[in-house]
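S.K.: Residue numbers (our numbering), protein chains in the order written: chain L, 1 to 499; chain P, 1 to 393; chain X, 1 to 291.
Treat the hints loosely; a few may be bogus.
Computed list of lysine to aspartate or glutamate pairs in EDC-like fashion (alpha-carbon distance at most 16 Å, straight line) [claimed, not checked]: (1) X:Lys230 - P:Glu65; (2) L:Lys474 - P:Glu369; (3) L:Lys480 - P:Glu15; (4) L:Lys482 - P:Asp29; (5) P:Lys18 - L:Asp413; (6) L:Lys426 - P:Glu369; (7) L:Lys483 - P:Asp385; (8) X:Lys44 - X:Asp150; (9) X:Lys235 - L:Asp264; (10) L:Lys478 - P:Asp3; (11) L:Lys29 - P:Asp3; (12) L:Lys474 - P:Glu294; (13) L:Lys67 - P:Asp29; (14) L:Lys5 - P:Asp96; (15) P:Lys374 - L:Asp475.
Quick caveat, the hints were computed from the structure, so don't treat them as lab data.
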Amino acid sequence: MPYSKDVLDLKRHILKAAETSRSYFDLNKLIVDVRKVNDSEVPYSGLGARSPNDYFPSIKIIGSEIKPKENDVSYNDIDTTFILGGRYSSNVISTNVPFFVSGMSYGSLKLPAKIALHLALNKLAKEGINMIMNTGEGGALPWELYGSEESCSNVSKKRHESILDYADRLLKEHNLESIDRDLLFSRLYPLVTQYASGRFWKDPSYLLNADAIEIKIGQGAKIGHGGLLPGPKVTDLVAENRGIPSYKAAHSPSRHLDILGPEDLVAKILELREITDWKSPIIVKVGCSHVYDDIEIILKSYADAASIDGFVGGTGAAPWELRDIIGINTVPSLIPSRKAIEDYYSITAKDEFKLIVHGSVWDSERIAKCIALGANGVGIGTGFLLSMGCTLVQDCYTNVCPAGLTGSYEKLDIEQSVTGIVNYVKGTLSELKNIAGSLGRKSINDLRKDDLVATDELSSMLCGLMLEDGVTFKDLVKEKVKKAIDSRNRRINERLENK
Amino acid sequence: MNDSDKFMIRRAVLELAKTGIPRSASMDDNIRKTRDINLRAINLWDYVTLIGAQLSRPAYDPYRETINLDISIGIGKSRKIVLNIPLIIYGSIDMDSYSLDSLHLALNRLAEQGQVVGIILEGEINTKKDKRKYPLFKKISSISENHPGDLLGECNEFCADGLVFEYKDDSSVDIIRDLREQFDGPILVDVSNVFPSSFNSILDLKTDGILVDTEKITKSSRYNGKHAIKVICDARNALNSYYKSKDESSDNAILVIAGDVNSTGKIAKVAALGADIIGYSTSILIANSYIYSEKPYDVISIAESVYRHMIGTKEELRGIPAALGYSDFHNISPSDLRTSSIDASLQGNIPLEGIDKTYLDTIGELIDEFLSNKELNMTYSEVRDVLKSIGGE
Amino acid sequence: MCGICAVMLENCKEHFPIGSLLYKMMESQQIRAQDSTGVAIFNKETNKEFYKIDYYRKINGVYCSFTEKVSRERLASSMNQLNKDPDIILASFAKEMNLLKDVGLVRDLELKYKIKSVLGTHGIGHLRIATSSRVNPYNAHPFSTTAYPDMAVVHNGEITNYSRLRSSLELKGYRFFSKCDSEVIAVFISDQILRHGDIEKANYEFINKADGPFTYIVATSDSLALVRDKNGARKGIFGYNPGNKDYPAFWAIATDLSALDSVGATHYIETPEPGKPKIFYNQIKMSSICN
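With the rest of the complex left out, here is chain L (with noise of 0.2 Å):
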């Protein structure tokens, strides 16, 4: 933990105070305050908010094993394709995985967590398991954006010089150069940039050698505020690779300057078309609030997918009081989209159009649930970074970080985390394949709401779901509702007779 004494012993003698003082206070959050005190600035914290109530719990899959109990059965050939692009784009991303990594950028996380992600999908993809990558808002590394010969084409020699420069300045930093160059300098597998309100890139590259453009409007964390990298991450590379004044925190604005409504956003969609010659495919991200409209919109702003981000949504730094109070769950959220994009649909026929979700989405089970909800893909964060050995402390917006992943105090073996990343790759793809094999299906995709019940009423009602004795919430209030008739007429009857 990075506090200092002087902070845990004032932590120490408020609590005492709290104690002595016979009033309600919330002592979870008790550090918030301490910090304030501390500094009087405002706290932030790392990862996803806590959600007393994040409905995949009580959500099921009927029928369904995620690992078979015989062991001669098998159900590789589940068909898991996920197919990004064609509604408006020329280029379609192809891949057999409908979850990938979503985006953690360069800055937030330390270099050799960005190489063990960059050489894991690498070597997935040499496996033949093709995951998108999504670089997030502080820019791509050299090999990410010129990772191949043809993706240097369109760049100049100096400028190819000082790339490969500044990646040798990189890799000298965490002392990594003695990597392999060449299995360095080659990207295999789907990226796609971010497009946020930052603008932390430096050149056309970004945009042109990516595979999809992702516009992030907000995310699941800091909903309605900017990207956030405190200054102490922000390193003399970071600074240098964002193109901002180092050790200065990155602040950046809570909403694109030009897009301010939906016109500006079909304005920037097609200014980004026109960039990539109708190419790329285009994402836009948005946090979960208002989501109905929110898709609506990007449903209308000639986009390939949309992409939404739940309140337990993680994120390097983000205000700790913002990341806990605004934003709503990810299943709750996943179903007006889903609604959203039926509606849209149900005018023209085509559905090209991708639903993404993020947020509290860790394990197979969790994927399986949000596409039968209506999910197309799913994007997964911190899964990752537990696969790298995060030990979930929540301090992302430090410089420390016991696992060497978001800080570098630690070094992080770069080898066991490809194999930490690439087992949990294989290990949730084939829990996905039994899950949907296991039901008998063809594909991930023939998942549906009748395969899921739920546990609880809430979870029934928000989701349409049946309950796990087969009644549906209707019958429930039907239920309910003859109850409270009855035991008001016996009231009232009781009522007439003692008079």
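Using the hints provided, position chains P and X relative to the given structure of chain L.
M.R.: Relative to chain L, chains P and X alone:
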């Protein structure tokens, strides 16, 4: 994420990352098994969130644009007091003279920098007006046998800028009327003893605000088992219905909510439910913490702590309306709230997330549907009573 | 959210097919928004004995359009009826105003209502791309209210504290017909006009109370007001066309410069200061605007 969830998430992913072969049990099954134990520790406030501004409504930028937090107390002819942070320091916590001194120093320093915060104090006040730059509200209770004139004399002695009068019973009305005639500053009435009745008679006396202590009320028999959310919701509704019958609504009495509100997030939620000013006790807590420190009588450094904490809180408070798309803190409204709990929806009339309707509205619509499909046969009064009983009344 | 425009003849004694000017301006701004279209054109020569009320009534789950002519004597009772009926959505309440709106492009509006040939002294037009309420004819702009006749509002942007303003107005007894945030402007301004009759003061009052990025134009029977929010987040410009022998001189307001260009209103192009309403009165002299 709470600790047990963290443990299960981490275990689930690590198992996969180590072996790469499917696990035997999923994470959600494990969480479901332990959830009932975990839920006990969670407050209903945690189920209530605000919805932020995205595409359909652009956000403001707290670092680059002005976000207004000011609020003025005082209606009609009474002297106006403007607070730059919608907080008033108030809590049922005992303070000694050192705590008071440090609070005094901190509030003065804040006021010098244009960050005026109010304070409500009971008992003797040892700061004289000439040295005070922040508004002070003197709390007086009708329980004391004093004549209103005496009460006022006491206030004048300490030069209080405003009064907080604790309402006890119908006899308090006369005292308030007398106070109103003689005192030109704002008068807030603490209605916690009689809540939710007597609102109209108090407002008829041209009082400048109502103070509601949720902690006291939720402990009373009338609100037994109910949450502070319900209290605030009822208080706002009572105020609104009073002004509904009046023609001019531009100059309304304010609602001060005190009680279990002590974090920035809750301040925003309470403001959304309808509070104008929030009674905030964390500053007192920090002022009191000096007792346990190594340098217990260093009033200046403890004042510095209170000051820094308030500045931090103010910055946080600026961030929240901006993220919701408002340039004014007081524009946050009940329509910005969503909840993931049926209980919270019923108590605070808060829409459920995803469907954007309250639980009761959804049930009402379903009953209408049953009636029009002739699945059920109910009279109008039956429907009303059923909705009431489902609503927990 | 949308594209807005307005035209006001300098000499309001004449009548001119204002619709044709609005049509040109709207067509040049069509790129901004495609969901729905609407215009409100003011004509002093209409029959002033009757109030014209256009509304949509829900019949078997579908909203159908109706027009009613009401004499002054019967006005109060029929307004009362309108305000109480939950199946009714008001489109326009007018004496001199001709308010036409529908889903679709400007072209579709022209085909349906022949807006190009509508005569008048001034008028406003609107192109909508929906942000927070559904696309249908009754959520299309301009908005009119039951509180005050001959007033229409077109709006570009978001009123973020819409629900707070709306609930305070509803407490005063005003009826809202749509879920669109723009309707709150119309009701608020009507409320203010009924109180003190000063359009400028009404707009200042609204700027103070409202939050969010917005530009709107309020048209009444004798004025047009262009208003931008305190931060000036949204565009709104006006220009002057001195006229020639074929058409009279007029002032034009639009979101985009291209729209002013399309009608030749390229003189004295200016934008109102953020937070300060710019008001064009009937028969206003040029000098009073230009300084």
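S.K.: Run every hint past the structure and note whether it holds.
M.R.: Evaluated hints:
A distance of roughly 11 Å separates the Cα atoms of Lys230 of chain X and Glu65 of chain P; the hinted pair therefore holds under the 16 Å criterion. With a C-alpha separation of about 10 Å, the suggested pair Lys474 of chain L and Glu369 of chain P falls inside the 16 Å cut-off, and the hint holds. Proximity of Lys480 of chain L to Glu15 of chain P is assessed by CA-CA distance (about 43 Å); at most 16 Å being required, the pair is judged violated. With a C-alpha separation of about 33 Å, the suggested pairing of Lys482 of chain L with Asp29 of chain P is violated against the 16 Å cut-off.
Between Lys18 of chain P and Asp413 of chain L the CA atoms are separated by roughly 14 Å; this keeps the pair inside 16 Å, and the hint holds. Distance hint between Lys426 of chain L and Glu369 of chain P is unfulfilled; the C-alpha atoms sit about 48 Å from each other, more than 16 Å. Distance restraint check for Lys483 of chain L and Asp385 of chain P: the Cα-Cα separation of roughly 12 Å lies within the 16 Å cut-off, and the hinted pair is therefore satisfied. In summary, the hint linking Lys44 of chain X to Asp150 of chain X is supported, as the alpha carbons are separated by about 11 Å, within the 16 Å threshold.
Between Lys235 of chain X and Asp264 of chain L, the direct Cα distance comes to roughly 12 Å. Compliance with the 16 Å bound is thereby established for this hinted pair. A distance of roughly 39 Å separates the Cα atoms of Lys478 of chain L and Asp3 of chain P; the hinted pair therefore is violated under the 16 Å criterion. Taking the CA atoms of Lys29 of chain L and Asp3 of chain P, the gap is near 14 Å; set against the 16 Å cutoff, the hint holds. The suggested pairing of Lys474 of chain L with Glu294 of chain P is violated, with an alpha-carbon distance near 63 Å, which exceeds 16 Å.
At roughly 14 Å between alpha-carbon atoms, Lys67 of chain L and Asp29 of chain P fall within 16 Å of each other, so this suggested pair holds. Between Lys5 of chain L and Asp96 of chain P the CA atoms are separated by roughly 27 Å; this puts the pair beyond 16 Å, and the hint is violated. Distance hint between Lys374 of chain P and Asp475 of chain L is fulfilled; the C-alpha atoms sit about 14 Å from each other, no more than 16 Å.
Checked against the numbered hints above, the structure violates hints 3, 4, 6, 10, 12, 14; every other hint is satisfied.
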